[in-house]
Amino acid sequence: MTPQSSFMILAPIDPQREAELRRLLASMNDAPGRVNANNRLIPFPRFDTLHVARWLILDDKTIDDGRVYGMPRPTYPLYLTFLGDVDGGADAFLEELAARAPVGLLALFSCCKGFTPETDLVAWMKKHTIPSAAGYVNWRGRTVRRVREEAALREALEQHVQSRARDLERVPPREIHATLRQLVHVDIAAGRLTLSAEGPTPFKWWFGNLLHLIGVPLLLLLASPLLIVVAAIGLVRLRRLEKTDPELCARVDQAYSAGLALLEDHDVSNQFSAMGSLKPGLVRLWTTIFVLWALDYGARHLYTRGRLARVRTIHFARWVFLDGRKRILFLSNYDGSLESYMDDFINKVGFGLNLVFSNGIGYPRTKWLILDGCKDERKFKEFLRRHQLPTEVWYKAYPGLTAVDLERNARIRQGLDSSSLNDREAREWVALL
Amino acid sequence: MSTQELFGVTRGEVDYGDVQGLVRFGYKRMSEASYALVRVKSVAAARSWLRSAPISSAATIDPPPSTAMHVAFTATGLEALGVSASVLAGFSSEFLTGMTEASRSRRLGDVGSNAPPHWEWGSSGSVPHLLVMFFAEPGRLDAFVQRSTGDVWNDAFDTLRRLSTGDLGGLEPFGFADGISQPAIDWPQQRERSDGHIAYSNVVALGEFLLGYRNEYDKYTDRPLIDADAASAGLAAAEDAPEKKDVGRNGTYLVMRQLRQDVRSFWQFISRHAGADPAAADTLAAAMVGRTRAGDPLVPIQDHAIPGIGSQPDQIRRNQFTFDQDPAGVGCPFGAHVRRSNPRNTDYPGRQTGLRRLIAALGFGRNRFRDDLMSSVRFHRILRRGREYGPALSPSDALAPAPPNDPERGLHFICVNANISRQFEFLQNGWMMNTKFSGLTGESDPLLGNREALPGCPVTGDFIMQEDGGVRRRVSGLPQFVTVRGGAYFFLPSLRALRYFAGTQR
Ligand code: HEM
Numbered sequence: 001m002t003p004q005s006s007f008m009i010l011a012p013i014d015p016q017r018e019a020e021l022r023r024l025l026a027s028m029n030d031a032p033g034r035v036n037a038n039n040r041l042i043p044f045p046r047f048d049t050l051h052v053a054r055w056l057i058l059d060d061k062t063i064d065d066g067r068v069y070g071m072p073r074p075t076y077p078l079y080l081t082f083l084g085d086v087d088g089g090a091d092a093f094l095e096e097l098a099a100r101a102p103v104g105l106l107a108l109f110s111c112c113k114g115f116t117p118e119t120d121l122v123a124w125m126k127k128h129t130i131p132s133a134a135g136y137v138n139w140r141g142r143t144v145r146r147v148r149e150e151a152a153l154r155e156a157l158e159q160h161v162q163s164r165a166r167d168l169e170r171v172p173p174r175e176i177h178a179t180l181r182q183l184v185h186v187d188i189a190a191g192r193l194t195l196s197a198e199g200p201t202p203f204k205w206w207f208g209n210l211l212h213l214i215g216v217p218l219l220l221l222l223a224s225p226l227l228i229v230v231a232a233i234g235l236v237r238l239r240r241l242e243k244t245d246p247e248l249c250a251r252v253d254q255a256y257s258a259g260l261a262l263l264e265d266h267d268v269s270n271q272f273s274a275m276g277s278l279k280p281g282l283v284r285l286w287t288t289i290f291v292l293w294a295l296d297y298g299a300r301h302l303y304t305r306g307r308l309a310r311v312r313t314i315h316f317a318r319w320v321f322l323d324g325r326k327r328i329l330f331l332s333n334y335d336g337s338l339e340s341y342m343d344d345f346i347n348k349v350g351f352g353l354n355l356v357f358s359n360g361i362g363y364p365r366t367k368w369l370i371l372d373g374c375k376d377e378r379k380f381k382e383f384l385r386r387h388q389l390p391t392e393v394w395y396k397a398y399p400g401l402t403a404v405d406l407e408r409n410a411r412i413r414q415g416l417d418s419s420s421l422n423d424r425e426a427r428e429w430v431a432l433l
Numbered sequence: 001m002s003t004q005e006l007f008g009v010t011r012g013e014v015d016y017g018d019v020q021g022l023v024r025f026g027y028k029r030m031s032e033a034s035y036a037l038v039r040v041k042s043v044a045a046a047r048s049w050l051r052s053a054p055i056s057s058a059a060t061i062d063p064p065p066s067t068a069m070h071v072a073f074t075a076t077g078l079e080a081l082g083v084s085a086s087v088l089a090g091f092s093s094e095f096l097t098g099m100t101e102a103s104r105s106r107r108l109g110d111v112g113s114n115a116p117p118h119w120e121w122g123s124s125g126s127v128p129h130l131l132v133m134f135f136a137e138p139g140r141l142d143a144f145v146q147r148s149t150g151d152v153w154n155d156a157f158d159t160l161r162r163l164s165t166g167d168l169g170g171l172e173p174f175g176f177a178d179g180i181s182q183p184a185i186d187w188p189q190q191r192e193r194s195d196g197h198i199a200y201s202n203v204v205a206l207g208e209f210l211l212g213y214r215n216e217y218d219k220y221t222d223r224p225l226i227d228a229d230a231a232s233a234g235l236a237a238a239e240d241a242p243e244k245k246d247v248g249r250n251g252t253y254l255v256m257r258q259l260r261q262d263v264r265s266f267w268q269f270i271s272r273h274a275g276a277d278p279a280a281a282d283t284l285a286a287a288m289v290g291r292t293r294a295g296d297p298l299v300p301i302q303d304h305a306i307p308g309i310g311s312q313p314d315q316i317r318r319n320q321f322t323f324d325q326d327p328a329g330v331g332c333p334f335g336a337h338v339r340r341s342n343p344r345n346t347d348y349p350g351r352q353t354g355l356r357r358l359i360a361a362l363g364f365g366r367n368r369f370r371d372d373l374m375s376s377v378r379f380h381r382i383l384r385r386g387r388e389y390g391p392a393l394s395p396s397d398a399l400a401p402a403p404p405n406d407p408e409r410g411l412h413f414i415c416v417n418a419n420i421s422r423q424f425e426f427l428q429n430g431w432m433m434n435t436k437f438s439g440l441t442g443e444s445d446p447l448l449g450n451r452e453a454l455p456g457c458p459v460t461g462d463f464i465m466q467e468d469g470g471v472r473r474r475v476s477g478l479p480q481f482v483t484v485r486g487g488a489y490f491f492l493p494s495l496r497a498l499r500y501f502a503g504t505q506r
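Residue numbers (our numbering), protein chains in the order written: chain A, 1 to 433; chain B, 1 to 506.
Extracted from the complex, chain B is given alone in its bound form (with noise of 0.2 angstroms):
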């Protein structure tokens, strides 16, 4: 008997061609990218524009393509383009309201000057309806957008931003190695379900990325499901409610944030603290990031394996840990990035079974004064799809003075999830934001922070990092070095349901 069986639902294993690409693929090959972010212009334009776009599927070709085309929507958008609103009242409501809502705004720690108003888009009367997110393998982007967006192009839509992107060789702008630690999707839903996970794993379940599958709680995510008639009649049937067509399956969320940063502020600050030391500076910056420019993390591999990060010997090296050997916050500072977005945590600390983990879970036990501070990592996974854009800039030119009209660097951070709220706003809010993570205070992420004062905390500024033995180093007055230029939540659709928004030839 399967493990299907045993538990007496059937999986339909995973349609690709019904998937977005972006799902399943970082394009590394396709060093070339651009967004654009548009606004329907005519809805019959729109529509037949979509129809015939080449929109890329999940699954896989061979030869291998060249180019890729993905599209994702903001709920205003599905409104323009005239989806019913008991369709979209199906969605979640922190896609139905946005990203600029002020008490959510509050939670991002978009205040101050990275608060909407200032954005660049997104914020209100900026609004995107669809996201067209075009890739290529160098030297062909320019002439793939071009084929892509000709008259029927001009008619649907008005462009209110082209995004550029850049290819860095794999490094973000501020010079460290990215894109080395994703969740590895279990697309065979083998995922074990039980409740209680004591070693950390990487493989997160496929209902975490993908809405109409069963996600880290074996529940199925809301999404709308809609009576089935002639118009439904391409959707798949919900898995969940067989009667019911499900909108929302292979399709899943697109958060999007155009981050600004300040590349030459960065190293001018860092290299100020380490006392114009390059190597002291990496090493500051390093811990910053909690890896170090080229990618290895801070705290020593372990000896067993974790699931879902690969065999190959450099996986290994760059992945195969966890902060289980650095209880004390030593090698990788409690509040570096990589470690506040991940804490590589479980359900249960310390690996308890049996009469100690019965203990545990009624908080009996040593208590000591950092155990079990944060939530379980693996219902706050994201699959991260960004593209870094504008020129390169080294730590060692950017220590110079920025000459008159220094280009714009940064990240247009992407990132995919089945539930906004639990999943990027928990971790933006509840774990990068949050100047208490892990019993710090007075510091937010040292990358991300936005530095502004909190009632009763005027300070959030600070970056500690602990010493063996001996009194924390503590490097106050950290500048703001990322800014939000704009930002919005998007719906990134299957296939089918991309063919149901955009009707029937009429």
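Same shape as in the complex, but just chain A (with noise of 0.2 angstroms):
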């Protein structure tokens, strides 16, 4: 198996060049919103290992929220981030990224601070490079070649299937999987399919991952008698803040929401990047680091298979600090439009909204960190609006194609795989179709 891995760079940029900047970035698409795959500087199409990427200005315009608290007015560079997720290593990634774009990262990298055309690109990029708090990847080890491959049965399937269609009429599910498997070696004989084989799993990647699957739980249980104690009095302490913390869920400007929704609803799926900054005091930092923790070791070990709980619609998402903790930025892939997007994390998942945004200063009241909140849906849909940032260049590897359908062609797969399938597996295999 393919581990997945996410890279991000980030630099402050030089202001004297932040308009030359940003038309370089409006220059890599063909509309706003919509990404052109052949532009000059990046060709993301020819990193076959990549999944989605997106180039950003960090522009907050929540910035001064702080003052609710009394805080003064924080002054954080503006900064340009690019990131992305991959198949395999992320440091190998950067290398091929160096090797095939220098002259696009060169032009744009010379508009962050201390960048000269003189910098080494591979070591200045993993210099710049920042970690997740928590990310979530919707199938470990779907390689984009694996998405592509599988893409490539299910519509190959689909024409057996249509060209067949009175062969296949009242023949029982298994004859008609028994049918297809063998159309599908033919084609595969033929050259005209491939499917390849699951990469070898990299032992250090399958080892450290094991160490932490274990490791993880077995030091909360070490420090459990401490956690107690100070959960508990976290927990009281949370809740008394929790009754006068200040919420910021103010109607957003209009323009600034239709500037965003320009960028949206091109492709079945979208991206979504904000940025917000911590409420004040140890309480919230370390809720913050704790949540975000506990929500990797889910995503890592837990949600590996199409579903973060139940949410069926993100293909890739990060948590990042930011200024020394000061701030966070979450990014994320998901299908649909943002309204369906809030809708379905509210009425499924409303608890994990809650615990891990309402540490951002002006989030809907909570209650006991995973109550209320978010169920006040206007609030929460304004609060999301305003810390929402426009994400200029947006790539993803396979447009029309929402989680839900690499889901299907990986069952189709997965079916086609075996030899010889049960009735009520057959059955299921066969309603995929």
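The hints are simulated quantities; they were obtained by calculation from the structure and are not laboratory data.
Even glycine gets a Cβ: it sits at the ideal position worked out from N, Cα and C.
Heads up, a few of these hints could be off.
Said to hold, decoys possible - Not close to chain B: a few residues of chain A, all C-beta gaps over 10 angstroms, as computed:
#, residue
1, Pro3
2, Pro77
3, Glu96
4, Ser132
5, Glu198
6, Leu235
7, Phe290
8, Ser340
9, Asp344
10, Gly400
11, Leu432
To be verified - EDC-like, lysine to aspartate or glutamate: derived pairs with alpha carbons at most 20 angstroms apart:
#, chain 1, residue 1, chain 2, residue 2
12, A, Lys367, B, Glu120
13, A, Lys243, A, Asp372
14, B, Lys219, A, Asp423
Claimed, not checked - Facing chain B, from chain A, some residues (calculated, C-beta under 7 angstroms):
#, residue
15, Val161
16, Ser163
17, Pro173
18, Ile176
19, Ala178
20, Asp267
21, Thr304
With the hints as a guide, bring both chains together as one complex.
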């Protein structure tokens, strides 16, 4: 199995060159929200391990929210960030990136502070890499290559089914399965289809993952006596804070929201980028750290097969701390429109939303960290929209395919791999077509 | 102790006299109707007309009236009437931006031949200010309209469009029984308001259809709340902010879209696919709609009752069903119009309780491909109040080629909802136009789809019917049967708000 990894490069923009940077980024699109895959700067489709990628300027409109706590207006640099999710290791990808798109990267990164034409690209990117506090991958081990092969497989099966509709009528499912399996084997033999075997799992990754799987609960167990005490005190304190923390959920400026909408709904999937500042104080900080840590653990070991709790529409997502954990960035790739994404979340994993986001300044009032909060739907939607950032450039390797499509195709492939299915399995398999 | 006291809130009984009757009644008896889309010519005259217009309330009258009139405003209309910017700012952004914003068009499927520049009304330059709706019992409409639109009316308004409606005896132009399933509004506000509904109910919170009341989230939808002064003295106080006057209370939003139906193309396409066999054609058409032409559902009636569908045998026969009995989409295709527009699902699929519910909520347990693909329908219901237009054309007559000047047929689609983005737009975007609805791919609503290609999805004009244990049947190449000809978002005010907009006699 080839695990996925993520990369994220973050660097302060040279204020002199912001306008130029924005122009360059815009030049990578055919129209706002529609990347030109063959743009001159970064030829995304040529990286066949790249799932999704985006460029954006972290222009946080909520930077001054701390004023509700009497905090002075902070001065953060304006960052450029470039991030994506790839098959295999991130370092290998960055090297490939530098080798294939040196000119484009140079042009873009030259707009950042401290980057000169002489700078070693790979070293600079690695130096400016910033880790996620938590990450989510819809289906671990599903490579871009597999996505493409399985989509082609489905396409081929559709055609076989269509051209043989008569032969397949009133035929028991197991026979349908056998017939189609035969046809696919012919396609493979003739080189019309490829279904690559899964690559080997890198030992180092496997071992590290195993250690993490066992080590984290073990550590928790060891630390539990202390943790319980701290958690109890923290929770009492938190409950008190919850009662007074101010909400900032006013209606979002129409023009700002319209600008964001312009970038959305060009594909069946969308990007989402948002940032905000953490509420002041250690209780909030440590709650966030702990929650994200737990989320990361869950995503790494429990939610690796197409579902984040009940949500089936997220391809990749991550949370990143910035500026000494004062600010947090959330980035995701999801299916459907923003309204349905938000509804899906509120109704299916409202508790999770509250856990993760309620430590941000202005979040709708929660109770015991998981109750209420986003259940105040209008406030929550305004809150999110208010923190959303325009994603200047967004690429997805497989436009037109949702995470559910990918799951269907994977199930089709899986069913085809087994030489004989029992009646129920065959029935379910045939229904996927 | 009553439930109201229990929850620590006082819920006023609804003042039906303040609600426009359209929210409560469909006016079946008043089979004649016409809609005037007008622009304000003279503000003073418009206000004067509005002050004296006999707008019908939702109060029941004995004997029942033989005519009814309703009025609704676009955002530009309210502006034209002189409603202040600060009041306007309290309305929802969908309403303020309007239906034709480019990003919104993309979501609503208003692209290609549906795109606003092709519309007869509602796109830039032809946005109506007011929608005035006239309803009357047979033979009374003309006189009623004439009586209501005298000199003051002529001074007040320029008529942008006068839309007539037809009465096809309970059928829509394709020939299917319509108006069978509607949400039952929880007027007494006694709906269970807990989280986690596990049984489908047709009773929907009042706040989903009227502003100023609690919605399915048990919250109040945003609307203009203003300071009390002489002008706003007649308005009701806000339930959730008693010191404020509630411009929205007892009002709601009205979505209107003129949808042209190509009845000939519909039946000709279906007949071709059914090998010219009328019975097979009926079956295929029924699969697309999700009900037979007579209106019967395609899945069996269930034993246990569904709150809010009524208790008459006829109501049970037509609405006591969910799609739980048809998880494989064999009885009613997943993509059928009524299955898309109301999947009749719940907050948690599979009626789980206790520990199993917790396991399901965390995303564990048995995960089948089709499980849990849709969001819970109780947040996405609409109240349909549309009427058809154009002369009848039977399915068999529709097979003949169109004569020259074949009259246009279609639906003046109208729906009422308190939150346009979560209700109408979600339904239209997430379920009707979505080519990925319910795990499908390559098809949008068989009736409404625009069949436009999307990036990576060249084909959106399929229709799939699952077979029991066999390979699905696929109908490909569905043409566009329905074309958008106009549309706008309106605010349907309470009678108090209407008087507030119209101002007092000066
Ligand atoms: C010309 C266009 C349309 C035609 C011919 C049409 C036709 C029908 C028919 C025949 C029914 C079944 C009767 C019933 O359940 O009352 C129905 C139901 C329904 N339609 Fe449409 N419709 C159209 C447009 C729309 C649009 C634009 C929407 C919303 C976006 C919509 C939403 C619904 C809903 C919510 C139901 C009720 C489903 C249920 O509760 O079971 N329809 N329609």
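Violations among the numbered hints: Result: hints 8, 9, 10, 11, 12, 14, 16, 19 and 21 break, sorted rising.
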